[in-house]
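Novice: Spelled out, the chains give:
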Amino acid sequence: MDIQPGATPADRPGTTGRRGFLALAAATGAAALCGLPAFTASAAPLRPARSPLLPAADAAKNQLWWQAPGSAGSMIGQGLPVGNGRLGALASNDPAAELLTVTDATLWTGGANDTLQDDGQFPYGRDDFGSLTLLAQLTVAIPGHDLGGVDGYRRVLDMAQGVVTTTYDIAGVTYQRQLFASRPDDVIVLAFSQRGGGSYTGTVSLAGTHGETTAADPASRTASFAAALGNGLRYGAAVTVSSSTGKVAADGGSLTFTGCRDLTVVLSGGTDYAPDASAGFRDPSADPHALALTKVRAAARHSATTLLDTHVADFRAVFEQFGLNLGTSSAAQRELDTWQRVQARWRDGVPDPELEAGYLQYGRYLMISGSRGSLPMGLQSVWLDGNDPDWMGDYHTDINIQMNYWLADRAALSGCFDAFADYCLAQLPSWTDTTRRLFESPANRYRNSGGKVAGWTVAISTNPYGGGGWWWHPAGNAWLCHNLYEHYEFTQDRDYLAKVYPLLKGAVQFWEARLLTTTVTDASGASREVLVADSDWSPEQGPLDAKGITYAQELVWNLFGHYRTATQVLGTDTGYGAAVEALRDRLYLPVVSPTTGWLEEWMSPDNLGETTHRHLSPLFGLFPGDRIRPDDSTPKDVLAGATALLTARGMNSFGWANAWRSLCWARLKDAEKAYQLVVTNLRPSAGGSNGSAMNLFDIYQVEQGRGIFQIDANFGTPAAVLEMLVYSRPGHVELLPALPAAWAAAGSVSGVGIRGGFVADLSWRDGKVTEATLRSVGGRSTTVVAGGAVRTVDLRPGESVTLRHLG
Amino acid sequence: MRSSSSPAPRGTARGLMRRSVRALLVLAVTAGVAVAAPAATGAGAAAPAPADPAGAGAATPYMGWSSWSMQSSQYPGLNPDGSYSYLTEANVLKQTDALAAKLKDFGYTYVNIDAGWWMDNSWTPGYDQYGRQRPDPVRFPHGMKPVADHIHAKGLKAGIYLPVGLEKGAYGDGKVPILGAPGCTTADAVYPDLRTTNGWDSAYKLDFGSPCAQAYVDSQAQAFADWGYDFLKLDGVGPGSSRSGDNYDNVPDVAAWQKAIAATGRPIHLELSWSLDIGHAADWQRYSDGWRIDTDVECYCNTLVTWENSVNDRWNDAPAWSGKAGPGGWNDLDAVDVGNGAMDGLTQAERQSYMTLWAINKSPLFTGDDITSLDSYGVSLLTNREVIAVDQNTSPVARPVTPVGDQQVWATANPDGSYTVALFNLAGAPASVTADWAALGFTGNASVRDLWNKRDLGPYRDRITEALPAHGSRLFTVRPNGRTLATTGYEAESAANTLGGNAAVAGCDTCSGGKKVGNLYDGGTLRFNGVTVKKAGIYTVKVRYVSGDPRSVTVSSDGGNGTSLPFPSTGDWSTTATVSVRLALKAGANTVTFDSGAGGYAPDIDRIDVPTSL
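Here the protein sequences come in this chain order: A and B.
Heads up: the first sequence runs through residues 1 to 807, numbered per full-length UniProt numbering.
Heads up: the second sequence runs through residues 1 to 614, numbered per full-length UniProt numbering.
Note that these hints are calculated values from the structure, not bench results.
Glycine included, each C-beta is placed from N, C-alpha and C at the ideal position.
Take the hints with a grain of salt, since some may be wrong.
Label-pair ranges, simulated between beta-carbon atoms [claimed, not checked]:
(1) A:Gly650 with B:Asn316: 43 to 51 Å
(2) B:Gly559 with A:Arg729: 34 to 42 Å
(3) A:Gly144 with B:Gln74: 50 to 58 Å
(4) A:Asp631 with B:Gly559: 30 to 38 Å
(5) A:Pro55 with B:Ser512: 26 to 34 Å
(6) A:Pro55 with B:Gly559: 51 to 59 Å
Between the sequences and the hints, there should be enough to build the whole structure, so can you do that?
Specialist: Now the structure itself:
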């Protein structure tokens, strides 16, 4: 083994000129990912001094492409997503009828919703709990470009640069439009151009979706609206159109363009939402309508090229922190467009490693586009096709929002995690208040038997106004804290830990007040006193009121351990931390049922639920927890019971459930099962069936013929791919723990986050690691296991080491 | 009316069945002098002029206008005096003038009066003293002959309509005399038990065992000849028209009509309707000039048609008939209502697809639109000479060359070596559709002409892919400049293959090697073993099969999941056809499996042909 310490990170496989662009991005100020989750005035972006656009051949490595557009009726499955982390849009890319369904992550109806129904549930309607809704629909009608007369139609989603490019020919003229959502300029841009003497004539219309009236201003060639929702949330949107040739005019509420050889359409908008419970989640000083107009006018002063360059410099800098190569696809596969490739992958059963790597990168693309500087991503992130998203497009706290963020640190998107942490922090005062006031309500079937409540927890659904929906979800706090704490494990960012510490502590206090003492009899016949969770529901099946469910026991065990470490790291509450550690030692942990042979989900040998239920709640300890490990640290019977339960849950569920299964199989080092579940999620969705839509959004079939988009699998499945390549916990890293045969020939990955504070780059051949580089982002020491080799690495923050000749 | 009584849950055209029991008015009919139809005029040299100036033989599919679509619609203002009241002399003459002015130069020559010319506005029929349909004096105050005269004066041809059989209202008490047949009364022309016939059971079945039956048909034909009509649509004909069984076997009626028309000495095109039984295709070919293969295209709603109502059924139903059409008789897909988007009830994409399917199937092209108010897009659809030529030229009727899922490719080989290729997207969302040249039997470059957009698109290598809107289409002429595709054939009956379930080898005269593999149902499988290629890749594999109805089969290679693919009907269980499927094959030996699936019924498989190179 060679160990080559170095003070700077090596260039990684799969990236291009990374260091140069890091410098560039820093200059634009875009590398700072954490921002205020609000629509506010932003400093004038610094413009890149030279073009950051990738050479075509390099860009091609991270592109998806299609040979048909979407339409107004097919946006969820065919619209291509863009977003600047706050504003998101789905685009049809129809030549004659470009349609963007645009939203802002904060455009929520509803409110605090802090009255329980008689049955103990929180109301769950679009007026009380609320729903994410659309900000606007932007259409660009170009009547002369009817699809029936268009040849060579093609649209490309460039994931590395964050640009959707549509090209087509009409009678010898090649038309092109580029769509991007710029974070530095805080606008969405559609830039139209052509080659061959063509021009554009048509209409740009900006329409609200809540009955707003759009007004056009001929002088500034803008169209805009201002409005407020029933809950008082004020919002506004604006669009402007410019061209260096032809004529742009206002016509009623629309903007018309005539004979334009080029055309730039710039849109912005937002709300007066503020992440501040004490201010009722509003910023009374904000004027979203004026701000939208200011932003589009400011952006429109720059050329489309300048706006594109500024955006690409920002986007690339984030995207290129990570690279993935799972192997080389065949010439026949490369000839196919993305949708044909998805279909061929399923039809032929032939691995398509570039498609599979592209699917992971697509998850990263979505996260960069959907989770920067505003609210975190809910069930659909910022991609809606109407105002009635299923389950309100909300935050589901019993797997979905957690899964959304498993990918972030693993895939070099730690900055995108901030939206999640900032959300929890902003909600904490409301969550604490609501818990104090409502949790012990006699209507709440999950109230603490002891009559005392402390700290905070959440309902199964949460909104951005401190409100909950559906049932109380006692262990939801620990679930959220797991993500919050893992982010610290990856980053070793002590300041961050201090910031989220109140969340951890409040959750611990909640459980300290809630745990019950009971006596259990071990298999040996010996009795002992243990602590168990009060009445609870193992999501979302079986008895509603069971004590000591495995889900809660595992989560609390996990929470208490993390809390103890946090007090030590921060040097605060260390006495309390020790007391919590002692409570942890007394927690009941699940046993294997003598009846089923499965790890018990309830404190019962019987299967009280559905054998193949989607949730893997009792397997939290396998993933994302790591109490249950396929090594000597875990009793063999527990490992066997967990494996048997996972096996019984089956291999044929849908989206996020498959992703979770894949993650668990990866943890058990069953590479082929883990891979099979990834492949299953890549199955082409037809008529709403489970699988991937044309735009690779994950579709969950809720009933025959009706599939809905749930974004969690788009993040959970890529997380599983990474978990197959690298397993880590503080102080311990395993390389290629579950590499499937399909990817074994040769590959590489760079930028993988390691719990314990490292980033890894590795390459492999014939299933064996050929080279691995670890860079410390705060970690000091870890063992590295690859093949049969075990190495110990000691580094100071910023240092890296390259390991060769492993195993 | 017409198929309005078919099982499809639509419409109110059952009005035809309503009739009063009041005594028949007996009216003297002035027998007109037979007037020879003027030769078709006006078609320019470049126009695909109908090759049937004498009205005999139906050398090409006829083109024109029919009254029924507007009669059947509840579109505002069309039928102010009750259902089907659009049919009047004034409206027919108005449409005649518009047809002559706008469409005649493109080959549209027939003005066809559909059901109701002998019905008053409450749909009560009138008959003459010989039991023949009498023009309604309100609708046609001058009778039918002046209408035909006007049509002829415009250089067009006149069409008229009858239901098959002796209408109940014409029967009288059985004592109505039959013209030109002394001693015959209506009772002598039908069965003594008054068994009913036709798609609505609105008539007594004629008994051709009696000469009086032929005499009755002769008398009807003579009236049309006397009035100067050039076309007759005979409706409710069975087997077909949602009817089967002896009482609805109208083959003798159709034969009698052919004979009766011949006896008049006037060429009269005989078109049959509706949903004719394909099992009797030989009869329809022998006795008629065309036959409706499907139910009414009309929706009996607030527009003329809708896509879902039954326009889109034709993609499923037409392939079975592809081998039945040719000079002398054509597969009639019903009216082509594409001329006015608002009235038609279709998107532009749907209208283009509609016209495209009709053209490649060589269906008669008769519009049911209001020709006085065609929109510009409708005019462009109805008057594209290149598309009309596809309908009228001598190439065979097109067939699907791919399985018939939401995205389909249809093609036919033209005598000059080129191919007519149509792409369809029947899905409700946009999709790309690819025509692989390998499915046409060649590889390499081909030049592509876009017929709808009238543009040469230049050379395309191995395939063309286009983005199609929901329900959209493209229509191309593809001229190969490459080479013939070399393939290796594998017979289904080969002993090297593996049969599963009930699958079994069966004789098949038209199949390659005289055998096929059938009984592919309920899990029955056929696995070709040792399908060998030199280079790994995705191949276009041609499947020759037999299927008397549309059936699906899951086709896979090696360990793949495969795809469930709908194969179009070949028309019967002794006719073969081919479709091409895309499959990954690895270098060396592969398996290709056809699996009927649990509970499924798959086509019989004759053979596959695998390209020897990519």
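Novice: Could you run down the list of hints and mark each one as holding or not?
Specialist: Cross-check of the supplied hints:
For the hinted restraint 43 to 51 Å between A:Gly650 and B:Asn316, the CB-CB distance of approximately 37 Å leaves it violated. Checking the proposed 34 to 42 Å range against B:Gly559 and A:Arg729 shows it holds: the Cβ atoms sit about 36 Å from each other. Separation of A:Gly144 from B:Gln74 is about 34 Å and departs from the stated range, judged on CB atoms against 50 to 58 Å. Between A:Asp631 and B:Gly559 the Cβ separation comes to about 33 Å, which falls inside the hinted range of 30 to 38 Å.
In this structure, A:Pro55 and B:Ser512 break the distance hint of 26 to 34 Å, their C-beta atoms being roughly 52 Å apart. Taken as a hint, the range 51 to 59 Å is violated for the pair A:Pro55 and B:Gly559, whose Cβ atoms sit roughly 38 Å apart.
In this structure, the earlier hints numbered 1, 3, 5 and 6 are contradicted, and the remaining ones agree with it.
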